[in-house]
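Asks: Following the hints, put chain B in place on chain A, whose structure we already have.
Chains as they are written, first to last, in my numbering: chain A, 1 to 328; chain B, 1 to 702.
The reader is advised that the hints may include incorrect statements.
[What the hints assert, rightly or not] With a cut-off of at most 30 Å between alpha-carbon atoms, the simulated DSS-like pairs for lysine-lysine come out as follows: (1) B/K261 <-> A/K2; (2) B/K57 <-> A/K22; (3) A/K173 <-> A/K223; (4) A/K40 <-> B/K274; (5) B/K373 <-> B/K295; (6) B/K274 <-> A/K2; (7) A/K40 <-> B/K57; (8) B/K261 <-> B/K204; (9) B/K620 <-> A/K307; (10) B/K274 <-> A/K307; (11) B/K620 <-> A/K40; (12) A/K307 <-> B/K696; (13) A/K196 <-> A/K276; (14) A/K2 <-> B/K52; (15) B/K261 <-> A/K40; (16) B/K52 <-> A/K40; (17) A/K53 <-> A/K13; (18) A/K135 <-> B/K274; (19) A/K307 <-> B/K136; (20) B/K23 <-> A/K40; (21) B/K57 <-> B/K261; (22) B/K382 <-> B/K405; (23) B/K373 <-> B/K291; (24) B/K696 <-> B/K136; (25) B/K57 <-> A/K2; (26) B/K25 <-> A/K40; (27) A/K276 <-> A/K173.
I should point out that these hints are in silico values taken from the structure, not numbers from a laboratory.
Computed from a predicted model, the values in this text were never measured in an experiment.
Here's the letter readout for the chains.
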Amino acid sequence: MKAFSNVNPKDLKGAASVLRQKGQSATIVGGGSDLLGMIKERLVTPDVLVSLKSIRGLDKVTERGGETVIGGLITLDALSHDPLIRKNYAVLAEAAGQVGTPQIRNAGTLAGNVCQRPWCWYYRNGFPCYKNGGKTCFSITGENEFHAIFGGGPSFIVHPSDTAPALVALDAKFRIINASGGPSGERTVAAADFFKLPSDNPARENVLANDEVLAEIRLPAAKSGTRGTYHKVLDREAWTHAVVSVAAVMEMDGQVCKTARVVLGGVAPIPWRVPKVEAMLAGQRITPELAAQAGAAAVEGARPLAKNQYKIPLTQAVVKQTLVALGA
Amino acid sequence: MTPLKTVGHATHRIDALQRVTGKAKYTGDIHLPGMLYARVLRSPHPHARIRKIDVSKALALPGVKAILTNENCDVIWGSGDQINQRRLFNNPVRFAGDPVAAVAAANRHIAEDALHLIDVEYEVLPFLMDLEEALKPGAIEIHPGGNLSPNNQRQRQPQIYRRGNVAEGLKAADRVFEDNYATVHHNNAQLELRVAVAEWSGDKLTVHASTQGIANCRTDLARDLKIPAENVRVICEYMGGGFGNKNQNQDFDLMAAVLSKQAGAPVKLEFTRKEDFVAVHGRWSSRQSYKVGVKNDGTLTAIQLTALTGAGAYRKSSCDLAGTEIYQVPNLETSVSPVYTNTAVAANYRAPAYPQGVFGIESLMDDVAYALKMDPVEFRLKNMTRKFRDQTPYTSCGLEDCIRKGAEAFGWKQRWNPNPGSAPGPVKRGVGMAMGMFGSGLGRSSAVVRLDGQGQYHLHVGVTDVGTAAKTTMGLIAAEELGVPLEKVNVVWGDTDTCPYSVGESGSRTTVQTGMAVIEAVRDLKKQIAEKGAPKGNEVLTAMATTNPAQLQGQSRNSFAAHFAEVEVNVETGHVIVTRFVSAHDSGRVVNPLTAQSQVQGGSIQGIGMALHEELRYDKRSGLPLNAGYYGARIMTHLDAPPVQVVWVETDEPYGPFGAKTLGEPTIIPTVAAVANAIHNAIGRRVKSLPITRDKILEALA
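In isolation and in its complexed conformation, chain A is listed as follows (with noise of 0.2 Å):
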C-alpha cells in the first residue's frame, strides 16, 4: 500500500473542494470496503482520500415532497432494512440485501455500490486495459465469460452494482455536488442517465467529473399497486458479483399490469434497460407464456463473445422467472 493522507471535510461542498484543489491525486472514499483493498493492491495510488464519514446526515433515508431521499453514505445493510424502502421499493432492498457479504454491506454505502469500478479480472489484475488507462480490452479475445453480451465496446466490462439496476428500473434521480456555489454547485441526473457506455469514455462508467460527489438519491413517490423484486444469479451462493441480474418494478391494476420497468445486471457495462420487454408487458396479464415471451425478447439483439454465450439462455431464463414471480 503506498502512503496517503486522509481528509475528513465536515460537508459535501468541502469534499468538493478537496477534490477540485487536488485533483487526480483526491480519491472519495465512504465506507471504503472496495476501494482500500484496490489501494492495497496498487491498482490506484491517492495521495489523499477525502473520506465523506464525517459528514453528518449523509446516510439517512428521508421523505421530502413527495420523493423518498436516501443519502449516499447510507450502508448497504441499513438500506436493506430500512422499513420505508422495504414497504415502498422492495427492487432496492432486495438489490442492497444482496450485495457481497454481511460485512461487506455493514461497511459499503449505497453511493458507493452506484460508483464501484468494474470487476473485470483483467482490469482488478493491473492489465493496462482502458480502465487501467490502456488502449485495449483483453476480454474481447480473452477469458471472457463473466463480460458484457450487450453495449460492449470498446470495453467489454459489466457493471458489478446490484442497486444500479433497481435504481434505473424505479427512476431515480442523482444528486450530484460539486465545489462550486449557488446554482452551479450541483446538477441531479436521471439514474439512466448517469451510467455512461464505454463508447462515450471507456475508462469511466458514469458522468461524475473529478470533484464532483454523489450526495443523495431521490426516489419518486411509490404509486399504489407497485411491486418490484430483484433476482441475481450468483456462481456461488454469496460473495459474487451478478453474473446476470434483473430489477424488475411493475406499476399493476389488480391482474393487469399498467406499466413496467425491467433492468439487467451482469450483462452490460451499464445497468441494461430493455424497453421493448416494458412495452409487451404494458397492459397485460403476466402469464407464464408472456413471461417466456419476454425473457426471449429481453436478449434479442446480444452479442456474445467467445465463452459467455451462455448468458443469453441464462438471462432469458432470469428475466422469465423474475417476472413470474412478480405477476403471481
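Replies: Frame of chain A; chain B shown alone:
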C-alpha cells in the same frame, strides 16, 4: 468392537478455549523486539531471463535492511523441486509469481515500497501454458531435458503400472467404454497465510513457522542452509491450516532465515493472499483418457488409463493419479506423465493424486453402470476392490459396509432415478455416489511421556495440529493406555526443543504413526512405574519410544469411503445446489468422534467446491493469473455448504492405535465424483471437465 474408556468418546479440543478466545498465538501473531518485515518481488512474466537486477535505489530507501536476489543468494530450496535444483530465486524465472527478490525493512510498507524501486531487466522468453503443447516436438524446454518430467526411476518416461494384459482384457470384454476427463489446478486455500518469523542467535537459528511438521521443517532448513540440525529450532504451537502446502520447509521459511542472517535482526515474512494462490502451490491438473472393458453382466475385464498431469514450473511432488485401485480388475495399465508448463507449481493438496483421478474413473464407471442398466451402487458392490491391487489382503476393509450403510442412510433406493434427466424440471433433482480409498501410512515416529512427583503425566509429541485436533488425539491415546482421564495428561507440542521427532502432519499419518509411538512410550512408562514405583517430590520418570513398523505381514492397510450426493440443477439457469450429502467412512476405530466428524464434513465441503467452483484461471496470451484469491476462486461459503451426514463404519484395525486408521485425506476423495454423478443423474448429460460450472452445464444441455 469393545468400547474404551477415553478413546472413542466425543471430546473437545484441548486448545479450543485458547483458539476461540484469541489467546492462541499463531505464527502471524509473533512479534519479536527489533523485528523487520519482509516482502517478495515476483516475476511479472511467465518465463523470462533476468539480464540485470539493480537494487541500489531500494537499498538507499531509509528503513531497508536487507535485499536478496539470485545474485547474492544461492540457497537451494530442496523441498521446492524433487528433480531440478531449484534456488530460492531462480534465473530464468519460470512462472508469473516466481520470486525475484526479497526485501527486509523496518515495516512492511517500506519493504513494499522498496520492491517498486528494484530495477529488473528481463529478457522475455516464449512460454507454455498447455500440457499437450508442452510435449510437442520442438517446444521450448522449461528445464533442460524437456517438459516431460521424469518418472520414479528418473527416466524421461511416463510412470507406468501394469498387471495382467490390458489388450487381452479389452478383447475379452463384451463392451468397451472410452472417455476423456480434465481436471484443473486449484489452490489449497487454507485460512492462515504463509508466514515465518526467523531469528538468529550466533549460529543458532529459531524459526517460528506455519508448518505441518516442525521436525521435517527443521531438518529441511538445516539441509538447505548447510548447518547442523541441532542448530535449528522450529516452533509452531498453533497452526491455521495447510491442506498439504505447508509440508516440509517452504521458501518463505528459508527467505526469512536468510534475510534475518543478512540483516542481523529477526525477520517476519508473510505472503499476501494473492501470493498464497500463485506463488507456492495448488493441486495438479490432469488430462485423463480411459478405456474400460466389461462383460454384459457387469464384470470388469480391463482398465487402461493414459494421463498427463500438470506439474507447473517445478516438480515439487509426485504428480501421480490414483483412482483405478478401487476396482477389482484382472488387467490394468496406468500411464501418468507429469508435464512442466510456465504456470503455478502443483504439489500436495489433501489426498494429492486422488479426487481428480477418482472423478475420472468414477464418472466413467457411472456411465458403464447406466449403459448396462445396473444400479450404480450394485455395480460398485460387484466390482469394488477386495484385495490391494487384487493381490494383497487388506488388514481390515469396510468398503462394502461404507457403500451399503451409506446408501441406506442416504435413502439411495428411494431417491435414485434410473433414467437420468427424466424429471420434469426446470429444477431437476439427481443423486450420485462414488467410492475411494487411501493408504494408511507406515513409518517412524516418536513420543516421550513423563510422570512427575505430583502425579501429572506429560506427553511430548512433535505435532502442531493442522486442524485435525492431533494434540487432543495424542492426549486421548495416552490417557486410554494409561487408564487415566485426559485431564491428567499435559500435552506438550509444537517445539523441536521440547518434542521428539514426529512424522509431518501429511499423508494422514499422525494418528497411526505418532499414536503408536505414544502407546509404546506409555507402556514403557507403566513398566518403569511397576518396577520403580511412582515418582515422589522432584523425581520424574521418563519413557521414550520410537516406532517404525516396516511391514504388515504381507498385508495392506487402507482407509475406505463412499460418498452420496443429491443435487438440484435448474436446467434453465445451470444453477446447482448440493441439497444432501452422506459420507460413509471406514477409518478403523474413531478416536474422537467430534473432531473426526469435523474432518469428514470439511473434506466433503472442500470437495464440493472442487467439483463446482475452483480453478486457477490464466490469460493464455500473457500467461498471467486472473483470479488468485478467495473471491476469484469461488471458495465455498457457509451458504453453499449442505449438511453433511457422517456414517462411521468402524472396522477393528489390528495394526493401528486402538484399531484406528487414517482419516484426514480420504474425506475429499470420492466427493467430487459423487457430485459429478449426481449432476449427471439430474440432467442426463455428463460434464467431463472440472469445475462443473454453469456455462458447461448450459452448454451440455443446449
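Asks: Are the hints correct? Go through all of them and say.
Replies: Tested hints:
1. B/K261 <-> A/K2: holds, 28 Å
2. B/K57 <-> A/K22: holds, 28 Å
3. A/K173 <-> A/K223: With a Cα-Cα distance of about 17 Å, the restraint between A/K173 and A/K223 holds, given a limit of 30 Å.
4. A/K40 <-> B/K274: holds, 11 Å
5. B/K373 <-> B/K295: Satisfied, since the Cα-Cα distance of roughly 13 Å is no more than 30 Å.
6. B/K274 <-> A/K2: holds, 18 Å
7. A/K40 <-> B/K57: Within the cut-off at roughly 22 Å; holds.
8. B/K261 <-> B/K204: Distance ~10 Å between B/K261 and B/K204 Cα, so the pair holds.
9. B/K620 <-> A/K307: Holds, because 14 Å separates the two Cα atoms, which is no more than 30 Å.
10. B/K274 <-> A/K307: holds, 25 Å
11. B/K620 <-> A/K40: holds, 26 Å
12. A/K307 <-> B/K696: holds, 10 Å
13. A/K196 <-> A/K276: holds, 20 Å
14. A/K2 <-> B/K52: holds, 26 Å
15. B/K261 <-> A/K40: holds, 29 Å
16. B/K52 <-> A/K40: Since the Cα atoms of B/K52 and A/K40 sit roughly 28 Å apart, the hinted pair holds (cutoff 30 Å).
17. A/K53 <-> A/K13: The hint holds at about 14 Å.
18. A/K135 <-> B/K274: Distance of about 26 Å is within 30 Å: holds.
19. A/K307 <-> B/K136: Holds. A/K307 to B/K136 sits at ~27 Å (cutoff 30 Å).
20. B/K23 <-> A/K40: Given pair B/K23, A/K40 holds - Cα atoms ~28 Å apart, limit 30 Å.
21. B/K57 <-> B/K261: Holds, at roughly 22 Å.
22. B/K382 <-> B/K405: holds, 16 Å
23. B/K373 <-> B/K291: Given pair B/K373, B/K291 holds - Cα atoms ~19 Å apart, limit 30 Å.
24. B/K696 <-> B/K136: holds, 28 Å
25. B/K57 <-> A/K2: Judged against 30 Å, a Cα distance of about 17 Å means the pair holds.
26. B/K25 <-> A/K40: holds, 26 Å
27. A/K276 <-> A/K173: holds, 23 Å
Checked against the numbered hints above, the structure violates none of them.
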